[in-house]
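*Asks:* The lines below spell out each chain.
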Amino acid sequence: MTIQDEYRKKGWKDLPPGGIVDRPATARDYKTGTWRAFRPIRNKDKKICQNPEACLVCWILCPDAAIIRVEPNELEIDLDYCKGCGVCALECPLKAIEMEQE
Amino acid sequence: MAKAKVLGMMGDFAVAEAAKLCNPDVIAAYPITPQTIIVERLAEFVADGELDCDYICVESEHSAMSACFGASAAGARVYTATASQGLALMIEIVYITASARFPVVMTIANRALSGPINIHCDHSDAMLARDSGWIQLFAEDCQEAYDSTIQAFRIAEDKQVSLPVINCLDGFVLSHSIEPVEILEPTEEETLDGFLPIRDPLYKLDVDAPIAQGLLALPEFYMEIKRGQQEAHLRSLDVIKEVIQDFGDRWGRYWPVVEPYQMDDAEVAVVTIGSSTGTGRAAVDELRAEGKKVGLVKLRCFRPFPVKDIQAALKNAGAVGVCDRAVSFGSTGPAYADTAGAMVGRSGPLIKNFIIGLGGKDITIDTFRAMYDNLYADLAKGEVEEPVEWIGIRGE
Ligand code: SF4
Ligand code: SF4
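In order, the protein sequence lines correspond to chains A and B.
As numbered in our numbering, residues 1 to 102 make up the first sequence, in order.
As numbered in our numbering, residues 103 to 498 make up the second sequence, in order.
Treat each hint with caution, since some may be false.
One-sided and incomplete, this derived list gives chain B residues near chain A with beta-carbon spacing under 7 Å [unchecked claim]: (1) Glu326; (2) Val360; (3) Asn476.
Non-contacting residues of chain B with respect to chain A, defined by C-beta distances greater than 12 Å in every case (computed) [what the hints assert, rightly or not]: (4) Asn125; (5) Gly172; (6) Ala200; (7) Ser234; (8) Arg301; (9) Ala311; (10) Ile313; (11) Ala334; (12) Glu369; (13) Thr466; (14) Ile467.
Derived from the structure by calculation, the hints contain no laboratory data.
For every residue, glycine included, the Cβ atom is placed at its ideal position computed from N, Cα and C.
I would like the entire structure built from these sequences, with the hints used as guidance.
*Replies:* If you want it as structure tokens, here you go:
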């Protein structure tokens, strides 16, 4: 059960004071990918980024850390957390990422 | 039992002495008239090695309160002070600090808010923070400002409370006036002979046991969290009373949340906040000597508003005027609104509002005489004709 589910069951008297979350790393449970209206697609139309390790611009700039380095020399977009902002598509020097409406 | 000695000192000095005695871990403050002396004095204590504390010289009040927020989150004992525009600049974080339930003690040397620009006393600055969730105490004299500072740390850090506290002292009238102040000299300084234990926070930032504080809460949680905040704030009144009792038992000075003066048989009465209370007492004494049954109720604790204590203090009076040194434009003075609200639905006095002393306008015995005359006139008519009256201004 996520902390959200756990807190959702509690009335106001049982929630921790000040709206704190009393354990770390609970943001993982919060799938912000559901907010996305546009989905980034890599390598569309064969504009393939061959050597991500030499570039990593998208990986550095993604504000949600949703671009994951997968060995060897490959990237994946974690759609559980990608909010669809489009920064990666805009900044990719090869235009190898495109945004598509969900 | 702690011994005591009496020194002549300005209100700001007294507050600085009291804050030093409480040994804050962190002070983050920005100077502003008429609070300046407090933070300068504390800076001297730190520079002279008399106070071991992280004194953060910030570039604005917004940063001052932000630093206090962070330090309190980390479990520190935290102090700051401000006034008027300084409070206005920090207000965003003032609200957030209370909602996060972080104890901080802040002195406000009350000063009118601009504009027009004015450096003198009224309570418009404190009223700006009225709904922020901070506990608010107002001092009548320099001794009370000193004692309140010490009490405030204990109240704020009490685990049942865990809320920030604003201590108000009237700008210049108290901040810059020299009065005899009895200084505590505890034999055991670390906890003031057990009165003020080392802070034991509800939660704190800790790399070995991480938690998250100061979070986002959308509609499914926001209102529940605010309900909890309100409950903690309302319940703090009991702790405030306990602390007042314990302080009084130790050092002989009791500062009740609501203090009636000559109210047993009072036909008309005023409710006062802050330094004007002393002038009001003198006016009561004069009028009593002339055979007029007048009384006064001092409101020390403004937030939480002590509804039951106000009801008990006012219930037998014929007509009551609530004195506000602030006004909510388009409505009434804030203390009047709360007092009238507390008396709704009960048989009790006629209640009206006097707006007095804005921007340092003098409040004298004649000001009180005018208010008591005004109340007697309403009492004779049996009704309040003009619910809000501005006293002591030209052209009225
Ligand atoms: S669209 Fe935005 S959030 Fe999604 S992967 Fe690209 S940069 Fe990250
Ligand atoms: S920014 Fe474009 S080229 Fe650079 S690593 Fe990402 S997808 Fe490849």
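*Asks:* Evaluate each hint against the coordinates.
*Replies:* Comparing the hints with the structure gives:
1. Glu326: Since the shortest Cβ distance to chain A is 4 Å, the answer is holds.
2. Val360: Constraint on Val360/B not satisfied, violated at 27 Å.
3. Asn476: Violated. Min distance 45 Å.
4. Asn125: holds, 24 Å
5. Gly172: Answer for Gly172/B: holds, closest chain A Cβ roughly 14 Å.
6. Ala200: violated, 9 Å
7. Ser234: holds, 14 Å
8. Arg301: holds, 15 Å
9. Ala311: violated, 8 Å
10. Ile313: violated, 5 Å
11. Ala334: Ala334/B is in fact no farther than 12 Å from some Cβ atom of chain A, at 7 Å.
12. Glu369: Consistent with the label, Glu369/B stays out of reach of chain A, its closest Cβ about 45 Å off (over 12 Å).
13. Thr466: Non-interface label stands for Thr466/B: nearest chain A Cβ at 45 Å, farther than 12 Å.
14. Ile467: holds, 46 Å
Checked against the numbered hints listed earlier, the structure breaks hints 2, 3, 6, 9, 10, 11; every other hint is satisfied.
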